[in-house]
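**Q** For the sequence shown, numbering that gives the first Met the number 0 begins at 0 and goes up steadily by one.
In short, the hints are calculated from the structure, not lab data.
Note that the structure is a prediction, hence the values are computed from the model and not measured.
Keep in mind that a hint or two might mislead.
[Claimed, not checked] If you anchor each label on the Cβ, the simulated ranges turn out as follows:
hint	residue 1	residue 2	range
1	26	122	25 to 35 angstroms
2	17	54	37 to 47 angstroms
3	0	205	25 to 35 angstroms
4	79	20	42 to 52 angstroms
5	249	14	28 to 38 angstroms
6	17	50	33 to 43 angstroms
Here a beta-carbon is modelled for each residue, glycine too, at the ideal position from N, C-alpha and C.
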Amino acid sequence: MDEQWRADLARWGIPDEIAARAPANPWEHSPARFAERTDRALADPEGPTLARVAEALPAGGSVLDVGAGTGAASLPLAGSMGELIAVDSSAAMLAELSSRADRLGVPTRIIRGRWPDVAAETPAADVAVAAHVVYNVPDLAAFLTELSGHARRRVVLELTEHHPMSWLTPLWAHFHGLVRPERPTAHDVIAIAEALGHEVRQVRRLAPLTRFTTLEELGDSACRRLCLGRDRAEEVIAAAVELDMWPVPRDRWFTLWWESE
């Protein structure tokens, strides 16, 4: 089952001949955009993921946030946490998280690296959370095993039902004649976690915000993801409108959780 996940995820790779023409890294994420999401979460902390972490967190307890980014899945719990352990491979993302944690008075331990590569140097916590990370993880069984091994009480995952780049599928076909895969999905994550012996519970909802607020935002993001120059943004926008992609439908998000044994 884990091998199927790995194979399905590999099919999301960008062919070398297309990637070679990319003017910018198509997989790179903007720390500033992530920080905006974190600030919105701090201003209006809500949703089942935060609730599932909060209800399992003892007073003054610790949270391990793997793939923490700028802290959207953990910093809104600032008033309840005694310590945040933040793991991420991006120094820029962790810098944004650290500055906000300092302002909120949250004791934070920063560990830079990929999970589970840095698991051995990461302490256990009361609750472990990984939000919007699993579609970047080829060896999902090892990832989840180490995550569970580092959680004294509960593991919480947040993810989109389908690969987060699925919204681009019509544009990949339009500009590159490339058919994108339909798997893996959140249902595959559930199956792998259950095969590891976890009793997985779940709740689903629409993403709290639309992916883009303007066509210009869509064009800028799509150009990068499609390995196109920004000078083609108007062409991309026109194609998106013609293909009936605007407004981009909100994703369906899954919150999964299980208790540590």
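**Q** Compare the structure with each hint and give your call.
**A** Here's how the hints hold up against the structure:
Taking the beta carbon of each, residue 26 and residue 122 are about 30 angstroms apart, inside 25 to 35 angstroms as hinted. The given range of 37 to 47 angstroms is respected by residue 17 and residue 54, whose C-beta atoms sit roughly 45 angstroms from each other. The hint said 25 to 35 angstroms for the Cβ distance between residue 0 and residue 205, and at roughly 28 angstroms that hint holds. In this structure the supplied range 42 to 52 angstroms holds for residue 79 paired with residue 20, their Cβ-Cβ distance being about 48 angstroms.
A hinted range of 28 to 38 angstroms for the beta carbons of residue 249 and residue 14 is consistent with their spacing of about 29 angstroms. Between residue 17 and residue 50 the beta carbons are some 41 angstroms apart, a value that agrees with the proposed interval 33 to 43 angstroms.
In this structure, every one of the numbered hints holds.
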